[in-house]
Amino acid sequence: MNEVLQYFFMSWVDPKLVFLAAAGTFAGIYIGAIPGLSVTMAVSILISFTFKWHVNDALVLIAGIYLGGVYGGSRSAILLNIPGAPAAIATALDGYPLAKRGEAGAAIGLTTVMSVIGGFVGILALAAFAPLVSSFALHFGPRDYLMLAIWGILLVGSLSGGSLAKGIFAGALGVLIASVGLDPLTAEQRFTFGSVQLTAGISYIAAMIGFFGVAEILAQMHELHLKAVKQDVSKIVPSWAMVRKHLPLSLRTSAIGVGVGALPGAGGDIAALMAYDHARRTVKNPSRPFGQGAYEGLVAPESANNAAVGGAYVPMMTLGIPGDAVTAVIIGALYIHGLKPGPMLMIETPHLFWFTVGSLVLANLFLLVFGLTGIRLFAKVVDTPKPILLPAILVLSAVGAYAINNSIVDVYWMLGFGVFGYFLKIYGYPVAPVILGMILGPLMDRSYRQAMISAQESPLIFASEFFTSPLSAVILAALSFTIVSQTRWWKRRRGQTV
Amino acid sequence: MPPVRTRLPGETVFAVLMLLLSAFLLWAAVDISGLKSYTSAGAYPMAAAATMLVCSLIVVAQTARAQAQPLEPGESAWRAFVRRIAPPVIVSTSLAIAAYMLTLEWLGFVVASYAFLVVTMRLLGSARWGLNLLSSALVLGAIYLVFQTVFSVVLPAGRLWQGVFS
Numbered sequence: 040m041n042e043v044l045q046y047f048f049m050s051w052v053d054p055k056l057v058f059l060a061a062a063g064t065f066a067g068i069y070i071g072a073i074p075g076l077s078v079t080m081a082v083s084i085l086i087s088f089t090f091k092w093h094v095n096d097a098l099v100l101i102a103g104i105y106l107g108g109v110y111g112g113s114r115s116a117i118l119l120n121i122p123g124a125p126a127a128i129a130t131a132l133d134g135y136p137l138a139k140r141g142e143a144g145a146a147i148g149l150t151t152v153m154s155v156i157g158g159f160v161g162i163l164a165l166a167a168f169a170p171l172v173s174s175f176a177l178h179f180g181p182r183d184y185l186m187l188a189i190w191g192i193l194l195v196g197s198l199s200g201g202s203l204a205k206g207i208f209a210g211a212l213g214v215l216i217a218s219v220g221l222d223p224l225t226a227e228q229r230f231t232f233g234s235v236q237l238t239a240g241i242s243y244i245a246a247m248i249g250f251f252g253v254a255e256i257l258a259q260m261h262e263l264h265l266k267a268v269k270q271d272v273s274k275i276v277p278s279w280a281m282v283r284k285h286l287p288l289s290l291r292t293s294a295i296g297v298g299v300g301a302l303p304g305a306g307g308d309i310a311a312l313m314a315y316d317h318a319r320r321t322v323k324n325p326s327r328p329f330g331q332g333a334y335e336g337l338v339a340p341e342s343a344n345n346a347a348v349g350g351a352y353v354p355m356m357t358l359g360i361p362g363d364a365v366t367a368v369i370i371g372a373l374y375i376h377g378l379k380p381g382p383m384l385m386i387e388t389p390h391l392f393w394f395t396v397g398s399l400v401l402a403n404l405f406l407l408v409f410g411l412t413g414i415r416l417f418a419k420v421v422d423t424p425k426p427i428l429l430p431a432i433l434v435l436s437a438v439g440a441y442a443i444n445n446s447i448v449d450v451y452w453m454l455g456f457g458v459f460g461y462f463l464k465i466y467g468y469p470v471a472p473v474i475l476g477m478i479l480g481p482l483m484d485r486s487y488r489q490a491m492i493s494a495q496e497s498p499l500i501f502a503s504e505f506f507t508s509p510l511s512a513v514i515l516a517a518l519s520f521t522i523v524s525q526t527r528w529w530k531r532r533r534g535q536t537v
Numbered sequence: 505m506p507p508v509r510t511r512l513p514g515e516t517v518f519a520v521l522m523l524l525l526s527a528f529l530l531w532a533a534v535d536i537s538g539l540k541s542y543t544s545a546g547a548y549p550m551a552a553a554a555t556m557l558v559c560s561l562i563v564v565a566q567t568a569r570a571q572a573q574p575l576e577p578g579e580s581a582w583r584a585f586v587r588r589i590a591p592p593v594i595v596s597t598s599l600a601i602a603a604y605m606l607t608l609e610w611l612g613f614v615v616a617s618y619a620f621l622v623v624t625m626r627l628l629g630s631a632r633w634g635l636n637l638l639s640s641a642l643v644l645g646a647i648y649l650v651f652q653t654v655f656s657v658v659l660p661a662g663r664l665w666q667g668v669f670s
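Protein chains in written order, with the numbering used here: chain A, 40 to 537; chain B, 505 to 670.
Quick caveat, the hints were computed from the structure, so don't treat them as lab data. We put the beta carbon where it would ideally sit given N, CA and C, even for glycine. Be careful, since some hints might not be right.
[To be verified] Just so you have them, the derived chain B footprint on chain A, three or more residues with Cβ under 8 Å: (1) 424-432; (2) 450-457; (3) 490-496.
[Claimed, not checked] Covered, in the sense of this in silico footprint (three residues per stretch, anywhere, with C-beta under 8 Å from a C-beta of chain A), are these stretches of chain B: (4) 542-554; (5) 557-569.
Only chain A is shown next, with the shape it has when bound in the complex (with noise of 0.2 Å):
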């Protein structure tokens, strides 16, 4: 015990440890904010130049930026409706509409709060689950990846409120747009059309950027000559009867953003949607109706993806597979210092773990300092009249786009996404099942293959199979629900207007 203490204080104590701790978090809250700047783009290349430096530095400092720039990217969904990341993006659905109506500083208060609050969640469940959660998370097959990754998809195609055949067409586009390349399995050329460029591929950060980024900008300009939003962030440590009043909701969705986060490939994205859908469905009274600046709806997300957080340290330390992008980077990282993630790794080097453990712990405290200081300045960018801050943005994006592979091609796709993008938001079709799509898309190629492989190529022991394993069942019984519930007889029998 003493010596799990030991090695779980130990960045406490040590100066550099803190401040690099501290260093890590501040950058990473504002990586994560700024639009065009990723968490896994900055880790990539924080590792170019960490490799160096001794283990235990290189991973406090890691563990800083990855919880600090998943709490970041809800600050500019908040003020700016641009979420930094895909974790954020069900922050932006009552964020921006509570900024908009003047309560930007309660709102990024309550997220700091919750965050920091999903984060410690997070990192307790790490601690004493880890083991139990992991040998879970191993008992799923590829079907059962194919059904969650599809889930994911149709629960964003549904948060839009809108079509759901036009979600579901954007969510299938961003899986055609992932295809695009080289088959990972035979190496057949896939809609290269001839192309030397595409056979590596489309960047799904340049595509991001060009939905979230550009196709913004330009839907902005319809609104040049309104008045700015005054965003006020006077008022940004919230009373405790707020954080007491949402802290069983909190609770709950922290408990799925664990869970979910320790799934492997699904990571605070997914976790922040199923909360968000949870809030929706479980919160009777909201502060507002979702969607128009429920404080449910920032609650929920943002406790659940920061909570993912540290589940998806869980099977990245305990099998060594990653829970998200940023993980996977990481167990490059650990690779990189002569580590092997993995099972074995909490049994030859236990000290590594509680180490870890008790740097995300210190970093999650910075959050919360961090967290409620500094937005003012933040906001103030916000405030710039448009004439200055759009075409600021877009070099941003511009230059973000062109640092994923210091390539001008990807500054080209960013744009013809944001064009194109411009024209699916003006005709209501949601663009972020675009994005889960390109992310998660690999992932269901191969876990479909696979599936399909192991059921001797029949689709009736594929189909089959989805019903004789009781996980299979779970989850299709619960993908089959969120059709259902988005269909007009469901919605006439819960008295919703269609």
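Once you have looked at the hints, place chain B on chain A.
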């Protein structure tokens, strides 16, 4: 009674274009490896493209059923499209972004971005040239510092200046 859905100018054309895109992508997916196996490289893209096709058919039907938004007196459908969907400010800014991208590697990040910022600020209605020149310089300085220094992103120096400064 449920609210009547209305149709924006150009929405039917867009829905039909999406239908054609889906049909083209399905054809391209079948072209990858044919229909030889359920696990071939093209099987999964085919399923996705077929899903797109079915959904876009539903969207076309939904759009056709929706009521068209009334036009202004004496306004053609094209004029309504330009006014509501593609006003000159959006078209000119999109062209400015395209020009910026095409000249980025040739002029270099600093010159191309500065010109883009100043021109786009003017296009978006900021009439004070002095303010545009100053704010463009400040914005550019901050972006350059973050990406070049902190993140070590190598930004294009510009082919045009290669012979001039080296």
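Here is how each hint holds up against the structure:
no.	hint	in the structure
1	424-432	holds (count 7)
2	450-457	holds (count 4)
3	490-496	holds (count 3)
4	542-554	holds (count 11)
5	557-569	holds (count 5)
Checked against the numbered hints given earlier, this structure breaks none of them.
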